[in-house]
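Please model the entire structure based on the sequences and the hints provided.
Here's the letter readout for the chains.
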Amino acid sequence: MLRANAPAKAAPTSVKILPMHGYANPTRFLSLARWLTLPLLLGGLAVTGGALIWALFRVPPDRLMGETVRVMYIHVPAAWLGMGGWTAIAIASLAELVWRHPLAGIAARAVAVPGAVFTAICLVTGSIWGRPTWGTWWVWDGRLTSMLVLLFLYFGYIALAGAVQREGASSRIAAIFGLIGAVNVPIINRSVVWWNSLHQPASITLGKSAIDPTFLWPLLAATIGFSLLFGGIVLMRMRAIIADIQAEARLRRKAMSEPA
Amino acid sequence: MSALPTLLRRDLALLIGGRRGGVVMPLLFFLSVAMLYPFGVGPDAPLLARTGGGVIWVAALLAAILPLDRLVAPDLEQGFFDQWALRGIAEEMVIAVRMLAHWLTFGPTLMLAALPAAALLGIEGATLRTVELGLLAGTPGLAAIGVMIAALTASLRGGAALAGLLLIPLAVPLLVFGAGSLATGGESGLALCAAISLALVAVTPFAGGAAIRAAREG
Numbered sequence: 011m012l013r014a015n016a017p018a019k020a021a022p023t024s025v026k027i028l029p030m031h032g033y034a035n036p037t038r039f040l041s042l043a044r045w046l047t048l049p050l051l052l053g054g055l056a057v058t059g060g061a062l063i064w065a066l067f068r069v070p071p072d073r074l075m076g077e078t079v080r081v082m083y084i085h086v087p088a089a090w091l092g093m094g095g096w097t098a099i100a101i102a103s104l105a106e107l108v109w110r111h112p113l114a115g116i117a118a119r120a121v122a123v124p125g126a127v128f129t130a131i132c133l134v135t136g137s138i139w140g141r142p143t144w145g146t147w148w149v150w151d152g153r154l155t156s157m158l159v160l161l162f163l164y165f166g167y168i169a170l171a172g173a174v175q176r177e178g179a180s181s182r183i184a185a186i187f188g189l190i191g192a193v194n195v196p197i198i199n200r201s202v203v204w205w206n207s208l209h210q211p212a213s214i215t216l217g218k219s220a221i222d223p224t225f226l227w228p229l230l231a232a233t234i235g236f237s238l239l240f241g242g243i244v245l246m247r248m249r250a251i252i253a254d255i256q257a258e259a260r261l262r263r264k265a266m267s268e269p270a
Numbered sequence: 099m100s101a102l103p104t105l106l107r108r109d110l111a112l113l114i115g116g117r118r119g120g121v122v123m124p125l126l127f128f129l130s131v132a133m134l135y136p137f138g139v140g141p142d143a144p145l146l147a148r149t150g151g152g153v154i155w156v157a158a159l160l161a162a163i164l165p166l167d168r169l170v171a172p173d174l175e176q177g178f179f180d181q182w183a184l185r186g187i188a189e190e191m192v193i194a195v196r197m198l199a200h201w202l203t204f205g206p207t208l209m210l211a212a213l214p215a216a217a218l219l220g221i222e223g224a225t226l227r228t229v230e231l232g233l234l235a236g237t238p239g240l241a242a243i244g245v246m247i248a249a250l251t252a253s254l255r256g257g258a259a260l261a262g263l264l265l266i267p268l269a270v271p272l273l274v275f276g277a278g279s280l281a282t283g284g285e286s287g288l289a290l291c292a293a294i295s296l297a298l299v300a301v302t303p304f305a306g307g308a309a310i311r312a313a314r315e316g
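Top line first, the protein sequences correspond to chains A and B.
11 is the number of the first residue of the first sequence in this note's numbering; add one for each residue after it.
99 is the number of the first residue of the second sequence in this note's numbering; add one for each residue after it.
Think of the hints as simulated: they come from the structure by calculation, not from any bench.
Label pairs and their calculated CB-CB ranges:
no., chain 1, residue 1, chain 2, residue 2, range
1, B, A259, A, R110, 23 to 31 Å
2, A, M266, B, R311, 22 to 30 Å
3, B, A111, A, M266, 43 to 51 Å
4, B, R311, A, D254, 25 to 33 Å
Beta carbons: idealized from backbone N, C-alpha and C, even for Gly.
Next up, the structure:
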């Protein structure tokens, strides 16, 4: 990962190895995070609100599914963020295990809860959508099952990271589980192709879409809005975790310096 | 390398002997789940025979949770891993040997216990053969997940419930294909189950070794 064109005679300490290490310093990260959190949250709220109003009142009902098609504008972004959340956990876990990036473990922990919430939202809205269109709340097909497994992986990760943090164990333990669990993400992604059942195959793939633009644009807007919200929430949670760590360190220092 | 047979003998003696709960507890638990199921759904013989194979699989998965807190944690607490590291035995090696010892005490006994369980549930002939072959294909994977999770939770207090929560989602693919081989009666389910087992067996020494090192550094 060293820059190929770095001069060989440069002192090792002066070589900037990776840009991400610039934000390994919590103070520098916090100054950026503090500035970014509010725009992300407000922008996310505005875009999501606008997209949902657009989807509820302006988009025509679907030819086959009627009014129920509007569930899509929450269901699909939630599914993407549920899977994207674990992908982020896996990348952060890799950064923690390989480069020992000090903020990676905090980022993975911060992503876990919103990721689990969006996965749950995806399952619940899918169930509500399935009732009128498939005639059932739940089927045991590949996509639904693997999404449910993802939710339980999130639960396991949250419990493990919590126990690691409580007992002061190495956060790399949670990172190992984050990497192992990542095996599930490509399975969810391909499940509609491998097990062809009630759930439809993906309508949107890179470069082309089987959805009419009238339905597609509000969907993209909703996805962007939810993603901005997700980013804002993750930054908030990271700041809270860092503040927690700093407060605890300060208390410990105070207790140490207190005369017995 | 000459240390490995000694290590295997030690692990087997500890896992079979009473000091680590032995092989009997998971076995009795497995049988009691198979016994509970007919109480739950009633003694309808065709229904039991049709669904019994799946019950045996669920019971096997639950039985795999029982020994988790004794597989790795005592050795970490008592400093055995530090001793092995000082002698130049890699954590990966120790975990690989532990996995083999755990399967030797867990897999064959479960396959043996599946015989009386199958009699209780009225499973016979070709179905019983598929169940036994499925367990042969699936138990190495269950043992591998067990050792991996045991290594991850070894440094945490009260890891037993946590270990169960971590094991279940990872074991779902084994259950899907293992129990799925019963529904389709096909070899493909067994082959996929064995493939997942092999992948887990290959990954576990590295994941477990990394977990032990992370636990040591605290």
